[in-house]
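Participant: The residues making up each chain are set out below.
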Amino acid sequence: MTQPELDPVLEAEFQPDVTGDGPVISARDVRVWYGTTRGAIRAVDGVSFDLAPGETLGLVGESGCGKSTLGRGLMGLLPAGAKRDGEVRFRGEDVLTMSPRDAHRLRGSQLGMIFQEPMTRLNPLLRVSAHFEEAIRQHEPKLPKREVTQRALDALRMMGIPPTRYRSYPHEFSGGMRQRLMIALALVLRPAFIVADEPTTALDVLVEAQIVQILNDLRRDFRTSLLLITHNVGIVAEACDRVAVMYAGRIVEQGRVADVFAAPQHPYTRELLRSTISLRTTGLNFIPGSPPDLIDPPPGCRFAPRCPQAMAVCATTDPITIERPGGGQVECWAVGPTDLIPAGGTARLQQEELAVADEA
Amino acid sequence: MPTKPDLIDVRDLSVHFGLRGGTLGRLVGRDAGVVRAVDGISVTLREGEVLGLVGESGSGKSTFGRALLGLAPATSGTIGFDGADLTSMSRSELRALRQSIQMVFQDPSAALNPSMTVAEAVGDALRVHGMKSSVERRERVVEALERVGLSPVQLFLDKYPRDLSGGQKQRVVLARAIVMGPRVLVADEPISMLDMSVRAKILQLMLDLKQDLGLSYVYITHDLASAKFFCDRIAIMYLGRIVEIGDTEEIFANPRHPYTKALLRAAPDPDPARAVAKDLPRGEVPDAAVPPLGCSFHPRCPEAVAQCGWEARDLRTLLETHWTRRTPEEYDAESAAVGSLDALARPDTSVHVGRGGADAVRSILDRIRDEEPDEPLWRGVADVTDDGAGVRVDFHPGVDPALRRAGGVDVACVLYPDDSPDDSAGG
Ligand SMILES: Nc1ncnc2c1ncn2[C@@H]1O[C@H](COP(=O)(O)OP(=O)(O)OP(=O)(O)O)[C@@H](O)[C@H]1O
Ligand SMILES: Nc1ncnc2c1ncn2[C@@H]1O[C@H](COP(=O)(O)OP(=O)(O)O)[C@@H](O)[C@H]1O
Ligand code: SF4
Ligand code: SF4
Ligand SMILES: [Mg+2]
Ligand SMILES: [Mg+2]
Chain A
1 MTQPELDPVL
11 EAEFQPDVTG
21 DGPVISARDV
31 RVWYGTTRGA
41 IRAVDGVSFD
51 LAPGETLGLV
61 GESGCGKSTL
71 GRGLMGLLPA
81 GAKRDGEVRF
91 RGEDVLTMSP
101 RDAHRLRGSQ
111 LGMIFQEPMT
121 RLNPLLRVSA
131 HFEEAIRQHE
141 PKLPKREVTQ
151 RALDALRMMG
161 IPPTRYRSYP
171 HEFSGGMRQR
181 LMIALALVLR
191 PAFIVADEPT
201 TALDVLVEAQ
211 IVQILNDLRR
221 DFRTSLLLIT
231 HNVGIVAEAC
241 DRVAVMYAGR
251 IVEQGRVADV
261 FAAPQHPYTR
271 ELLRSTISLR
281 TTGLNFIPGS
291 PPDLIDPPPG
301 CRFAPRCPQA
311 MAVCATTDPI
321 TIERPGGGQV
331 ECWAVGPTDL
341 IPAGGTARLQ
351 QEELAVADEA
Chain B
1 MPTKPDLIDV
11 RDLSVHFGLR
21 GGTLGRLVGR
31 DAGVVRAVDG
41 ISVTLREGEV
51 LGLVGESGSG
61 KSTFGRALLG
71 LAPATSGTIG
81 FDGADLTSMS
91 RSELRALRQS
101 IQMVFQDPSA
111 ALNPSMTVAE
121 AVGDALRVHG
131 MKSSVERRER
141 VVEALERVGL
151 SPVQLFLDKY
161 PRDLSGGQKQ
171 RVVLARAIVM
181 GPRVLVADEP
191 ISMLDMSVRA
201 KILQLMLDLK
211 QDLGLSYVYI
221 THDLASAKFF
231 CDRIAIMYLG
241 RIVEIGDTEE
251 IFANPRHPYT
261 KALLRAAPDP
271 DPARAVAKDL
281 PRGEVPDAAV
291 PPLGCSFHPR
301 CPEAVAQCGW
311 EARDLRTLLE
321 THWTRRTPEE
331 YDAESAAVGS
341 LDALARPDTS
351 VHVGRGGADA
361 VRSILDRIRD
371 EEPDEPLWRG
381 VADVTDDGAG
391 VRVDFHPGVD
401 PALRRAGGVD
411 VACVLYPDDS
421 PDDSAGG
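Going down the list, the protein sequences come from chains A and B.
Read left to right, the first sequence gives residues 1 to 360 (the UniProt record's numbering).
Read left to right, the second sequence gives residues 1 to 427 (the UniProt record's numbering).
Chain A extracted, bound-state conformation:
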């Protein structure tokens, strides 16, 4: 998409209206693969979802299933050697095909990212003030210094960091404060969409809960759309509107958190929830085996070798994405469409026994 060059300051003021009903982010058949000597690791393999303004989508799944790759792919922050395909539209504009310059303009100002370990993203030699000045100047170079400080202090204040700490260095902050600092940095340009990749994993229990609450308020206060990557289904339950369950590079089920968690349709979702240890756990459950090698995943449904409901059809034919009863999408032969299952396809699948040898 071509765009007239706008004065950066004006550009900031004349942002498109966000309050429409259209999705902020719309991903279609997104694929990301890493080239290796053994072949291509298909880390994200045909993922589609929409994110509405002010909505939080939780992305869960076992480690290695492609969550971080998807998050970075949406931002255009993939490492060298990674390739991607498909379509990611930000308010209708295709971000995967735009020029690097436009993509850079979009990142930071419209798309933000929060990482697990804030210290690796903060420069220990720079004061907090310098971090903010740099972030703002990059996108709005003509903003007067007073304005810059003002915006930075506002963002910090929202995160509960007092103005007295504006001239401090990152190491003078506690872990939770650093993470709030990172969120403030991501928010200072008021992006419409933020990817947060395991933002609380490195934090203490109480601080984790505080940050979850902050993320929760974010969508209400600013209509920021958030993709929250986590392995903690408890956090999804508490902070997300919708959930996408990822397995071996695919989103196998997505829908409203209340629907999906109350009546999971996909066997993987069900097993993942059952294996989570919570305060109400009275017995231990687990999924045998481990996720497949993404260079050479099993044919048909990738969960078939571990699935307690696997049928003959599952081992040969990719399941089809269908409307989820209760809303959302799911891809699993056990849910449907039954009329496409060939004769004899519903017979129980003979699975190899899974020992610890196959285990994660």
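Some chain A residues judged to face chain B by a derived CB distance under 10 Å, without partners named:
#: 1; residue: S63
#: 2; residue: V233
#: 3; residue: E238
No lab work stands behind these hints, which were simulated from the structure alone.
No residue lacks a Cβ here, since even glycine has one placed at the ideal position from N, Cα and C.
Please build the complex by placing chain B with the ligands on the supplied structure of chain A, with the hints as guidance.
Facilitator: Then chain B with the ligands, alone, in the frame of chain A:
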């Protein structure tokens, strides 16, 4: 329930670390201080029991666990095991002790030597402890690997850590821990680095090992959910102290210490229907080198009262938090009247604040008080008097609450005065 005999009896254990190299000392405005990583802990581990140590970072859980193996030097106190005091043992006695007490660490990758095969890693301890016959060693290694579910064993014996998944590595670590036939396993966050779906598997394995080998565990974690499922008794720790200890059921049914209640509220619940808005304590675990006065939890405690240890640093936090809610203009004016907060950086119970005149400073404090009448800090303020260009704030002296009996558990909090001593009528 018949009480099992005590296996480990820890009495008043302290482990203090000196802050060498004055940098940190200078930073915190103190000469060469100490970190009281473990600060007067008494606890017993009974035969066949799982004792949980639960708390946030820096509460001293790992240091305590390491002290049980003689890996962290006790500053004072005793650790009784089998009638001997572990804190006064020689190196060789400690080495012999490792046949009986073993440790499992959080990060299985860091715990395993990358250049040793599984067979070597598990057999090494046997060799160190003088088992000369390699055939015999091999037998014991195979047996241990089978016990931890790494079968067929032949598939694993010659593998290196890099060939194993996280869960498999933790199984190897467990095999190495049990190969000597220990009676106690100190497990420091054994599942927290593992993927969600693997945690239950390793926890199940630990349960099986306990059953099959008659082990007792000290289970260290910050995760209340796994502790609730796994432990018979739980000690909640904060900044080097046990603040509440009792049977798991009672701790969860009737949490008493405000910190225990806070941890319970914070635990995420995967049932969206139950996930309610939470009233969380503010702030974070403070620097252990300069802990809060009185009760260490007081800066975060929603129930704190006058004698909980209020001091200058709390006033600083109050002002700073207040300023996150003010407009920039108000902040500029108020901070000019208050002046530098450096005077509020030390643990003083009487402090001068302000440079813009007593009235100006007093009105700022009054304003905060009007806005936040329920702020516990006000309960700790004894007096505010005019003092030069500002005011002097005097706080009530704090008390450092000791662990006391309260309804079947022990709690260290002024809200729970002792309910048991010499009271034969009590039960
Ligand atoms: N070798 C050491 N030298 C100096 N200070 C230390 C040392 N080991 C631990 N500490 C300090 O002792 C305190 C307790 O640390 P410890 O590692 O025991 O806590 P923990 O409860 O295990 O925390 P975490 O949950 O982060 O593992 C901390 O303030 C820590 O910085
Ligand atoms: N830079 C990279 N080069 C090669 N492979 C990678 C790279 N980053 C991730 N992968 C692989 O891609 C897959 C998905 O990884 P990732 O997106 O990090 O998953 P998750 O965040 O769900 O744990 C894994 O098999 C991982 O090993
Ligand atoms: S498609 Fe078949 S194997 Fe895959 S999840 Fe559904 S039932 Fe299980
Ligand atoms: S003594 Fe009890 S009430 Fe006082 S601060 Fe500590 S925990 Fe809170
Ligand atoms: Mg990841
Ligand atoms: Mg520790």
